[in-house]
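So the chains spell out like this:
2 protein chains.
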Amino acid sequence: MNYLTKIPRQLSLGLLFLILSMSAYGKKPVLIAEDRLSEIETIRDLALKSDLGYELLESLTTEVGARMAGSPQDPLAVKWATKKLKALGFDKVWTEPVTFPSWKRGVETASIVSPYPQPLYITALGGSVSTPSDGLIGQVVHFTDLDALKKSSIQQVRGKIVFISNRMQRFRNGRGYGPAVAARGNGAHEASAKGAIAIVLRSVGTDNHRVPHTGGMRYKEGIKRIPAAALSNPDADQLVRILARGKSLKLKLNIGAHPAGEYTSYNVIGEITGSSKPKEVVIIGGHLDSWDLGTGAVDDGAGVAIAMAAATIIKKSKIKPKRSIRVILWANEEQGLFGAKAYAKAHHQDLENHIIGAESDFGAGRIYEFSSLFKEEDKPFIEQLKRVFRPLGIKYANNEATPGPDLIPLFTSGMSVFGLAQDGWDYFDLHHTADDTCDKVEPAAMAQNVAAYTVFSLMMADYAGDLKRPTKQKTKQQKEK
Amino acid sequence: MNYLTKIPRQLSLGLLFLILSMSAYGKKPVLIAEDRLSEIETIRDLALKSDLGYELLESLTTEVGARMAGSPQDPLAVKWATKKLKALGFDKVWTEPVTFPSWKRGVETASIVSPYPQPLYITALGGSVSTPSDGLIGQVVHFTDLDALKKSSIQQVRGKIVFISNRMQRFRNGRGYGPAVAARGNGAHEASAKGAIAIVLRSVGTDNHRVPHTGGMRYKEGIKRIPAAALSNPDADQLVRILARGKSLKLKLNIGAHPAGEYTSYNVIGEITGSSKPKEVVIIGGHLDSWDLGTGAVDDGAGVAIAMAAATIIKKSKIKPKRSIRVILWANEEQGLFGAKAYAKAHHQDLENHIIGAESDFGAGRIYEFSSLFKEEDKPFIEQLKRVFRPLGIKYANNEATPGPDLIPLFTSGMSVFGLAQDGWDYFDLHHTADDTCDKVEPAAMAQNVAAYTVFSLMMADYAGDLKRPTKQKTKQQKEK
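These protein sequence lines are chains A and B, in that order. Take the first sequence: its position 89, counting from 1, is numbered 105 in the working numbering, and each next residue is one higher. Take the second sequence: its position 21, counting from 1, is numbered 37 in the working numbering, and each next residue is one higher.
Isolated chain A, as found in the complex (with noise of 0.2 Å):
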């Protein structure tokens, strides 16, 4: 007997549009329901008028401050994010440990011994060497940018100290640093190649303060490791002035940072528990350790902050998202994304229930704009992204989403990533320096972007299909490459 035979034909009608409904789901993934959107609406305006997003990021800025990876404040920031967590009523609350070679920062001073004797202001590269203790006195010899110095002979350089003098430019999305930032990365090894004693160069920053920007850097196997510093911005322009009289310009440095060692930190993690598909994870974060000389407000309290606001929202609504929401709070991504890098070995046999992931690694600033990275058969959702964004003033720019920093290692295995791109005009005034600190941050600008990462937890947990990447399409970045 064929049970369908002695179902009323309305009935049967009504199974046969499910049944076929559901045979095209793996092509036609259904959308979130009505009444579910507007559910999650109604988070998101919650969230709108939260603070919780600022009084975290106010908690970890004054209680632990600074907190470079490896530094006295890095277990006191992995303290405070685990208790926290446990306080916000995360259901799962734990850490894996990601160990690394660790960098102190010592004195660092520097001056103009001629033509025109006066202090400077810079700062060490994070991972830079020392001078001798009572310091090296050497002539400058100046470059334009990178490629200049690449592009100059032994002779030009050797015996010299380096300076690099371009500035970078300003843009809200950011897209100024890659081009400026090239220089801190490779410019030691790049001089010490051509004899350099040393390397100074303007600071990756768009700001005219006296507050210059640390960053890391790396040397290259081989090659004598020579010490690097950052100018601050009127300190390099003063140089390009005397320059600019065609002196000879003598400068004297005394850095005092050093290599301090294996450290192990650890990732923080909390997780709100899906109702139907618990192990199939959706990932928002930011990453806990800053450099040293601000409170790392903006990089990246903020993110740390709108992550752990977001999710702590969606856990105290009546709203069950139905794969699980967890929180990374990434340790040591400043010198070089151990935290990251830690984590996708860890996973690397549990990344098939890693669905997506976005991180908050860019300040405080408004989200203008998100881009996804969806197969052909999941554009549809974006229609419903677009939706549940617009009030929050945030419209779809492409399908070309790349990974925020701590993303890169489990989207290089095959994790689809979601953008969410802030307004990041003055995000280079303040990146890595000393004034990087919480006052520079507006609570409603906050509120936003967590209002925002509670609509991208909620819809991604939600939505039906599996949110794989485009596998034939190359993403922005493989194009790039």
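No lab work stands behind these hints, which were simulated from the structure alone. Hints should not be assumed to be uniformly reliable.
Intra- or inter-copy, both count: the list cannot distinguish identical chains.
Using 25 Å as the maximum straight-line C-alpha spacing, the simulated SDA-like pairs for lysine to any residue come out as follows [stated by the list, open to error]:
| # | residue 1 | residue 2 |
| --- | --- | --- |
| 1 | K456 | R183 |
| 2 | K411 | F397 |
| 3 | K456 | Q185 |
| 4 | K268 | G122 |
| 5 | K266 | L92 |
| 6 | K334 | L62 |
| 7 | K120 | P135 |
| 8 | K266 | P91 |
| 9 | K456 | D442 |
| 10 | K95 | L265 |
| 11 | K456 | N224 |
None of these values were measured; they are calculated from a predicted model.
Please arrange chain B on chain A, whose structure you already have, making use of the hints.
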């Protein structure tokens, strides 16, 4: 024979009018003639197109940089100014000695010991004594302003580090400075009188950068001298946030500042000799010294450069001012008007010939109004001044001009002064900080200032009246006392 009888009637009437005019001279001085006003307007417009002011500022801040009175840069600044005034073609250039007790800055570090250990950005106040060489640690007692400290008890303060947290308010005319700066000047002896071991105060400044503001302070005879330092605004905010948690706050301070013996610097003076009243002088100028943290661009390289450029533009023009125009680049304003006092003392027998003065010591913002201190009979001259200043966007304010700091001793001795009020909206973002560098100065605004000082100098040099201050009417400053 009466010679009038031989003169035709028409001519005799003319002569009669002339004699009557001359007899009225004391009360109604002849205004500046129309063709002369036109010449002055031509020079004003030339000045507005000249880069000389900015060029001088750039030269001083680049080639000398910071030039704290008594520091190794002090003689370099004197040399720079003397050489420059001669090269610019001043008729006379000379120096006059100024002796004062000097002070040296040393190490200056601070940190929170508990409850949340972290470094703070501070700078010693000018004149501060040192802590013990290994620093001092103390519990913080917090006062919202100097008055609250004054009202406190010895029990509250004894053995503690006083922290004063009120923030300077921002106004175009800088009137937030007075109420805030009292804590800087008097906080140390008020705190010490109640047994405090040190004082830290929020920087007297309107910015949000991690660049503390230094500035002069004084001790009182018979009260123990305790170390005094300013915290950057974000650091003061941090302490306030911690105190708001009801936590006991302990700081460590290490300050190496100390008195450094008597030093002799120089007022540097350049003069454009007057054509018909060479002994009578109109004074313009700024102070040559700066604090040591920045390169003294807005305080007071701008004033120095504006006065030098204005007089130079006059000297290089065809016009010959009737009175002499004297540019005084005052020594050591910052530590107590030492140059101003020495000048007034050295010239006390010649004060009659000091007709009127104006000092530029409020940055390089545009001038928006002028004020006079004229007797009733000189008030018609205000209309001529209005006309010549108007195209520069400078309006008449009132007849209650007050002296710039270095003119106070001359003013007190009876000299008249003139006010050229600058827009100081951002002046206290930079004042006495490392951020006071020449990139903050807008060349076009400098040129407007230079043009205004050419107008002031020429109009005062040519005006026939004696320009003496009103004797009966109390000045605004006297009223306030």
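Here is what the structure says about each hint:
1. K456 x R183: both (23 Å within a copy, 16 Å between copies)
2. K411 x F397: within (14 Å within a copy, 62 Å between copies)
3. K456 x Q185: For K456 and Q185, the Cα distance is within 25 Å both inside one copy (20 Å) and across copies (18 Å).
4. K268 x G122: both (16 Å within a copy, 19 Å between copies)
5. K266 x L92: The answer is between: 18 Å across copies meets 25 Å, while 42 Å in one copy does not.
6. K334 x L62: Classified as within: same-chain Cα gap 12 Å, cross-chain 73 Å, threshold 25 Å.
7. K120 x P135: both (23 Å within a copy, 15 Å between copies)
8. K266 x P91: Answer is between; shortest inter-copy Cα gap is 21 Å, intra-copy 42 Å.
9. K456 x D442: Both, since 10 Å and 18 Å are each at most 25 Å.
10. K95 x L265: between (48 Å within a copy, 21 Å between copies)
11. K456 x N224: Both. Shortest intra-copy (16 Å) and inter-copy (8 Å) distances satisfy the 25 Å Cα cut-off.
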